[in-house]
Amino acid sequence: VGLAGSPEKCAWLTEELRFDAAINYKTEAVPQALKEHCPDGIDLYFDNTGGDILEAALFRMKEGGTVVCCGVVSQYDTGNPSPGPRGVPGLI
Numbered sequence: 001v002g003l004a005g006s007p008e009k010c011a012w013l014t015e016e017l018r019f020d021a022a023i024n025y026k027t028e029a030v031p032q033a034l035k036e037h038c039p040d041g042i043d044l045y046f047d048n049t050g051g052d053i054l055e056a057a058l059f060r061m062k063e064g065g066t067v068v069c070c071g072v073v074s075q076y077d078t079g080n081p082s083p084g085p086r087g088v089p090g091l092i
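Using our numbering, you'd call the opening residue of the sequence shown number 1 and step up by one each time.
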């Protein structure tokens, strides 16, 4: 399952890259969409956005799942750094 910000990019994920599904994070509620598309949880999550999308993915992770973080695009140009994901104790 991939996430993108336009219908064209979502189509590219499913049609060209053969993802099982794509979530448009600009038009869909990401936590609900992840629950729908990943009912058994997420094995591997590659994150370059941080923020609310990372938080939604963290709470859908399978026990022993892997998260790879390479950036925090959601925090660029905000002027205020994020304090980190909320609810971290819920991950333990």
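Quick caveat, the hints were computed from the structure, so don't treat them as lab data. Think of the CB as a built atom: it goes at the ideal place given N, C-alpha and C, for glycine as much as any other residue. Hints are not guaranteed to be accurate.
When the alpha-carbon atoms are kept at most 35 angstroms apart in a straight line, the in silico DSBU-like pairs for lysine-lysine are as follows [unchecked claim]:
no., residue 1, residue 2
1, Lys9, Lys35
2, Lys62, Lys35
3, Lys62, Lys26
4, Lys26, Lys9
5, Lys62, Lys9
Quick list of simulated restraints, FRET-style, between CB atoms [to be verified]:
no., residue 1, residue 2, range
6, Asn80, Arg18, 13 to 23 angstroms
7, Glu15, Gly79, 36 to 46 angstroms
8, Gly65, Leu17, 33 to 43 angstroms
9, Asn80, Asp20, 30 to 40 angstroms
10, Gly64, Glu8, 29 to 39 angstroms
11, Pro39, Val67, 10 to 20 angstroms
12, Asn48, Thr14, 36 to 46 angstroms
13, Gly41, Gly79, 12 to 22 angstroms
Going down the list of hints, with the structure as the test:
1. Between Lys9 and Lys35, the direct Cα distance comes to roughly 21 angstroms. Compliance with the 35 angstroms bound is thereby established for this hinted pair.
2. Annotation: proposed proximity of Lys62 to Lys35 holds, straight-line Cα distance about 12 angstroms (limit 35 angstroms).
3. Annotation: proposed proximity of Lys62 to Lys26 holds, straight-line Cα distance about 25 angstroms (limit 35 angstroms).
4. For a cut-off of 35 angstroms, the pair hint linking Lys26 to Lys9 stands: about 12 angstroms separates their Cα positions.
5. Restraint check for Lys62 and Lys9: the C-alpha separation of about 26 angstroms stays at or below 35 angstroms, so the hint holds.
6. Range check, Asn80 to Arg18: Cβ separation about 38 angstroms, and the 13 to 23 angstroms hint is violated.
7. The supplied range of 36 to 46 angstroms is met by Glu15 and Gly79, whose beta-carbon atoms lie about 38 angstroms from each other.
8. In this structure the supplied range 33 to 43 angstroms is violated for Gly65 paired with Leu17, their Cβ-Cβ distance being about 21 angstroms.
9. Against the hinted window of 30 to 40 angstroms, the Cβ-Cβ separation of Asn80 and Asp20 comes to about 36 angstroms, which satisfies the hint.
10. Between Gly64 and Glu8 the Cβ separation comes to about 35 angstroms, which falls inside the hinted range of 29 to 39 angstroms.
11. About 19 angstroms separates the C-beta atoms of Pro39 and Val67, a value consistent with the hinted range of 10 to 20 angstroms.
12. Between Asn48 and Thr14 the beta carbons are some 20 angstroms apart, a value that contradicts the proposed interval 36 to 46 angstroms.
13. Range check, Gly41 to Gly79: about 35 angstroms between beta-carbon atoms, so the 12 to 22 angstroms window is missed.
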